[in-house]
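Student: Chain by chain, the residues run as shown.
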Amino acid sequence: MHPILKLLVQRIALSLLLLLAASAMIFIGTQILPGDVAQSILGQSATPESLANLRAELGLNEPPLTRYFDWLFGALQGDLGTALTNGRDIAESLGARLKNTLFLAFWAALISVPLAIFLGLLAVRYQNRWPDKFISAVTLTSISIPEFLIGYVLMYFISVKLGWFTSVSTIYDSMSLGEKLSAIALPVTVLTLVVLAHMMRMTRAAILNVMQSAYIETAELKGLSMFNIIRKHAFPNAIAPIVNVVMLNLAYLVVGVVVVEVVFVYPGMGQYLVDHVAKRDVPVVQACGLIFAAVYIGLNMIADIVSILANPRLRHPK
Amino acid sequence: MSDVLLKVRDLKIGATVYPPSGKPHDIEIVHGVSFELEKGKVLGLIGESGAGKSTIGLSAMAYGRGGVKITGGEVWVNGQDILQQGIRDLRRLRGADVTYVSQSAAASFNPAKKIMEQVTEAAILQGKFSRKEAEERAVRLFDKLGLPNPETIGNRYPHQVSGGQLQRCMTALALCPEPDLVVFDEPTTALDVTTQIDVLMAIKAAIRDTGVAALYITHDLAVVAQVSDDIMVLRMGEMVEYGPVDQIINNPQEEYTQALVSVRSIDHEEKLPTPDPLLTVNHVTARYRGTNFDVLRNINVDLHEGQTLAVVGESGSGKSTLARVITGLLPPSDGQIDFNGRTLSPALEQRSKEDLRELQMIYQMADTAMNPRQTVGTIIGRPLEFYFGMRGAEKRKRIAELLEEIEMGDGFIDRYPAELSGGQKQRVCIARALAAKPKLIICDEVTSALDPLVADGILKLLLNLQKIENVAYLFITHDLATVRAIADSIAVMYQGKVVRYGTKSEVLSPPFDDYTDLLLSSVPEMKLGWLEEVIAHRKMESAGN
Chain W
1 MHPILKLLVQ
11 RIALSLLLLL
21 AASAMIFIGT
31 QILPGDVAQS
41 ILGQSATPES
51 LANLRAELGL
61 NEPPLTRYFD
71 WLFGALQGDL
81 GTALTNGRDI
91 AESLGARLKN
101 TLFLAFWAAL
111 ISVPLAIFLG
121 LLAVRYQNRW
131 PDKFISAVTL
141 TSISIPEFLI
151 GYVLMYFISV
161 KLGWFTSVST
171 IYDSMSLGEK
181 LSAIALPVTV
191 LTLVVLAHMM
201 RMTRAAILNV
211 MQSAYIETAE
221 LKGLSMFNII
231 RKHAFPNAIA
241 PIVNVVMLNL
251 AYLVVGVVVV
261 EVVFVYPGMG
271 QYLVDHVAKR
281 DVPVVQACGL
291 IFAAVYIGLN
301 MIADIVSILA
311 NPRLRHPK
Chain G
1 MSDVLLKVRD
11 LKIGATVYPP
21 SGKPHDIEIV
31 HGVSFELEKG
41 KVLGLIGESG
51 AGKSTIGLSA
61 MAYGRGGVKI
71 TGGEVWVNGQ
81 DILQQGIRDL
91 RRLRGADVTY
101 VSQSAAASFN
111 PAKKIMEQVT
121 EAAILQGKFS
131 RKEAEERAVR
141 LFDKLGLPNP
151 ETIGNRYPHQ
161 VSGGQLQRCM
171 TALALCPEPD
181 LVVFDEPTTA
191 LDVTTQIDVL
201 MAIKAAIRDT
211 GVAALYITHD
221 LAVVAQVSDD
231 IMVLRMGEMV
241 EYGPVDQIIN
251 NPQEEYTQAL
261 VSVRSIDHEE
271 KLPTPDPLLT
281 VNHVTARYRG
291 TNFDVLRNIN
301 VDLHEGQTLA
311 VVGESGSGKS
321 TLARVITGLL
331 PPSDGQIDFN
341 GRTLSPALEQ
351 RSKEDLRELQ
361 MIYQMADTAM
371 NPRQTVGTII
381 GRPLEFYFGM
391 RGAEKRKRIA
401 ELLEEIEMGD
411 GFIDRYPAEL
421 SGGQKQRVCI
431 ARALAAKPKL
441 IICDEVTSAL
451 DPLVADGILK
461 LLLNLQKIEN
471 VAYLFITHDL
481 ATVRAIADSI
491 AVMYQGKVVR
501 YGTKSEVLSP
511 PFDDYTDLLL
521 SSVPEMKLGW
531 LEEVIAHRKM
541 ESAGN
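Going line by line, the protein sequences match chains W and G. Each residue of the first sequence is one higher than the last, beginning at 1 in the working numbering. Each residue of the second sequence is one higher than the last, beginning at 1 in the working numbering.
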């Protein structure tokens with residue numbers, strides 16, 4: 001077996017194992033929460049009999065291990081159970097929400113990742129001169145301000161004062177792509193501002209690190225222009241750390257958007273999760289947790305795989 | 001006059017230094033150097049580290065490394081003063097007319113790109129050749145430089161070829177755009193002697209066949225004597241002597257040049273083995289954990305009290321691994337180590353404090369072997385506390401004595417390693433080892449990173465200390481001149497085995513085994529035409545076979 005294949009298989013197996021562990025943690029976490037679903041559905045005035053009936057109906061009397069495996073095997077087959085609060089199929093409602101979240105994350109990533117890398121390269125090109133300092137100052141400021149504040153500020157100026165975009169980003173299936181994009185313009189801007197600094201700083205640092213190498217001097221002594229040196233010689237060797245930070249930020253775009261979704265009333269996973277946490281709807285919380293964990297682990301796995309593939313020593317062993 | 005390719009007039013180069021204490025300031029590191037190089041000739045620039053030779057070499061490309069700036073003078077290449085040119089013209093000069101071969105090809109090749117792409121990059125970019133022409137030319141150069149599989153080696157990545165091969169690829173990289181001038185910056189210094197001679201031959205043949213001019217920078221006079229037409233000796237940014245190679249080698253005028261020529265002239269009478277050895281390495285076989293390859297195979301050597309055993313071999317021969325086994329850092333998979341009449345525990349953790357004390361070590365890189373945040377006094381004082389429980393005035397007195405022994409004096413007691421020169425750092429490491437009053441010191445390439453004159457001083461010091469303290473050395477080195485200077489007995493290692501072992505006079509006298517013969521004949525000698533003699537001799541032998 002090619003050593004790189006072995007490494008990749010190992011990495012994927014490790015991710016699956018990690019996901020299994022995460023699912024166990026999610027399940028245990030929701031179990032040790034105080035209170036009980038039956039109680040919260042029926043309210044304070046419920047009689048002990050009706051509580052016992054509901055518990056039996058929901059399967060809450062089974063041993064935890066049995067319930068965990070029932071849940072896990074269900075999830076593996078795409079059955080995430082039904083929401084306790086409204087009796088709907090979770091997979092169905094979650095699917096629509098997840099699609100929306102991914103839609104938002106996709107556009108935010110499409111803008112922020114190339115922009116961050118471009119700004120990082122620009123900062124390296126003009127290292128310690130004003131463009132570098134300006135880029136650093138702006139991105140660091142934007143990451144330092146809490147995202148809900150940026151959200152409200154943008155809302156006030158851009159939608160209230162200027163009226164360019166709507167402040168409520170709710171989207172429907174019936175909207176055209178243009179309408180949808182117009183609706184999510186503000187949350188995409190906020191998310192871009194939040195993730196930009198981290199990726200840009202890492203790109204800058206990774207490339208500057210490579211720029212110390214002797215082979216960069218070789219390239220300079222070959223008469224290459226600064227731009228070509230960065231593009232041809234520095235960037236290919238800085239891919240691994242850059243991809244790592246990009247994937248971390250992509251994961252954030254899916255997993256960490258709760259606040260932004262709530263601010264802009266965007267019908268994504270975050271909103272859905274927050275609503276059902278408030279109602280103590282354990283199966284929904286578990287399902288959301290599982291999806292978030294899967295996204296996070298999956299993206300990091302991709303980062304690892306890219307790092308492995310980007311290493312010529314692993315790709316072409318002696 | 002039209003034959004002059006490179007003319008340097010009163011070149012002054014400065015740099016900004018950032019001392020640990022105090023403000024950054026500018027200093028001058030090259031103080032007005034002038035020389036001329038005709039087309040197709042080779043000028044050797046020689047000097048110790050800090051002499052400014054690399055800096056001068058790079059000025060032929062109007063390039064300053066790091067914070068180095070050319071502050072004055074003229075550098076004429078092909079009738080143009082390149083110091084007056086803008087960056088665009090310089091870029092055209094750099095990849096096309098003047099090219100560069102660095103000391104470490106391993107670091108100078110981009111690990112993410114194939115060799116062929118990097119070798120042809122400048123020629124294509126500068127518009128000298130089309131991609132197809134450049135690649136054909138590269139293959140011809142690979143062939144000329146004696147690389148195996150010249151047709152396909154370009155498709156490999158840098159990590160897939162050996163160090164010596166990569167250094168030849170770097171030479172091909174420099175020659176590919178058909179430059180007028182190549183700057184060779186210590187191109188063979190990082191190589192083993194047996195590899196160095198091959199690369200040296202390849203470079204010399206390539207220079208001869210392509211008619212290119214070269215600046216050949218090195219600290220090794222014996223090497224530069226083989227390839228140069230003229231030699232310029234530099235010291236601390238100033239020219240010491242400049243003349244034809246014959247005159248510099250055979251009739252040096254300046255005292256400093258004479259010292260360089262006669263370096264390695266230490267005379268050391270070998271001592272005869274005593275009946276009871278201090279250290280006996282008994283059938284030792286060792287491998288690193290997680291591998292199934294024996295790095296050491298059935299090693300048997302003895303070392304006698306107050307004597308020096310030189311372990312000599314190329315990189316990868318297992319000589320440093322032998323040191324790791326003796327010190328207990330790597331327990332052997334078979335065999336044992338007897339020391340001072342007892343058998344040592346294989347692993348470091350099980351050894352007594354007395355075992356640790358009697359067996360000390362000195363390393364190649366004195367820089368990284370010392371804590372940069374500790375003063376010399378603290379560094380030397382630590383073993384005094386640890387082994388002898390010394391404190392206060394007693395300790396300070398002993399530190400002063402040790403500093404006296406290494407010829408530095410107690411003025412250094414409160415200095416930090418960063419304030420010392422390379423030779424002084426190595427002396428402090430020697431004092432630290434001596435502080436434990438050891439019976440045996442393992443010296444792992446302790447002079448390899450030092451300039452020849454400084455290394456000479458360290459060797460003399462070690463020999464002197466051996467007389468006073470009666471300490472034995474296990475001296476690991478790849479440098480046969482060092483071996484000649486200090487050894488009493490020699491073990492030649494090759495591929496994990498001792499291929500030749502005995503007293504110095506036995507090992508260095510014929511008849512030789514094949515490997516020792518190759519090793520001995522590869523050491524550059526300070527005489528003109530040595531390289532040709534060796535080449536002719538080897539050709540004759542291979543024809544005879």
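No wet-lab data here; the hints were simulated from the structure. There could be a bad hint or two in this list.
As the list claims (entries may be wrong) - EDC-like, lysine to aspartate or glutamate: derived pairs with alpha carbons at most 20 Å apart:
(1) G/LYS527 - G/ASP479
(2) G/LYS113 - W/GLU217
(3) G/LYS204 - G/ASP246
(4) G/LYS69 - W/GLU217
(5) G/LYS460 - G/ASP479
(6) G/LYS439 - G/ASP451
(7) G/LYS204 - G/GLU178
(8) G/LYS439 - G/ASP410
(9) W/LYS318 - G/ASP3
(10) G/LYS69 - G/GLU178
(11) G/LYS497 - G/GLU314
(12) W/LYS232 - G/GLU117
(13) G/LYS114 - W/ASP79
(14) G/LYS271 - G/GLU28
(15) W/LYS318 - G/ASP185
(16) W/LYS232 - G/GLU135
Student: Confirm or reject each hint.
Tutor: Structure-based check of all given hints:
1. As the CA atoms of G/LYS527 and G/ASP479 are separated by approximately 18 Å, the hinted pair is consistent with the 20 Å bound.
2. Annotation: proposed proximity of G/LYS113 to W/GLU217 holds, straight-line Cα distance about 15 Å (limit 20 Å).
3. For the hint linking G/LYS204 to G/ASP246, the alpha-carbon distance of about 17 Å falls within 20 Å, and the restraint holds.
4. With a C-alpha separation of about 16 Å, the suggested pair G/LYS69 and W/GLU217 falls inside the 20 Å cut-off, and the hint holds.
5. Between G/LYS460 and G/ASP479 the CA atoms are separated by roughly 16 Å; this keeps the pair inside 20 Å, and the hint holds.
6. For the given pair, G/LYS439 sits about 28 Å from G/ASP451 by alpha-carbon distance, which is inconsistent with the 20 Å threshold.
7. Our distance criterion of 20 Å between C-alpha atoms is met by G/LYS204 and G/GLU178, whose separation comes to about 16 Å.
8. Annotation: proposed proximity of G/LYS439 to G/ASP410 is violated, straight-line Cα distance about 25 Å (limit 20 Å).
9. Pair hint W/LYS318 plus G/ASP3 does not hold up; C-alpha atoms about 46 Å apart against a cutoff of 20 Å.
10. Restraint check for G/LYS69 and G/GLU178: the C-alpha separation of about 28 Å exceeds 20 Å, so the hint is violated.
11. Straight-line distance between C-alpha atoms of G/LYS497 and G/GLU314 comes to about 12 Å, which keeps the hinted pair within the 20 Å bound.
12. Between W/LYS232 and G/GLU117 the CA atoms are separated by roughly 11 Å; this keeps the pair inside 20 Å, and the hint holds.
13. Only pairs whose Cα atoms come within 20 Å are accepted, and G/LYS114 paired with W/ASP79 is rejected, the gap being roughly 50 Å.
14. For the hint pairing G/LYS271 with G/GLU28, the CA-to-CA distance comes to about 48 Å; that exceeds 20 Å, so the pair is violated.
15. For the suggested pair W/LYS318 and G/ASP185, the alpha carbons sit about 28 Å apart, so the restraint of at most 20 Å is broken.
16. Of the supplied pair hints, the one linking W/LYS232 and G/GLU135 holds, its CA atoms being roughly 19 Å apart against a limit of 20 Å.
Consistency note: the structure conflicts with the earlier hints numbered 6, 8, 9, 10, 13, 14, 15.
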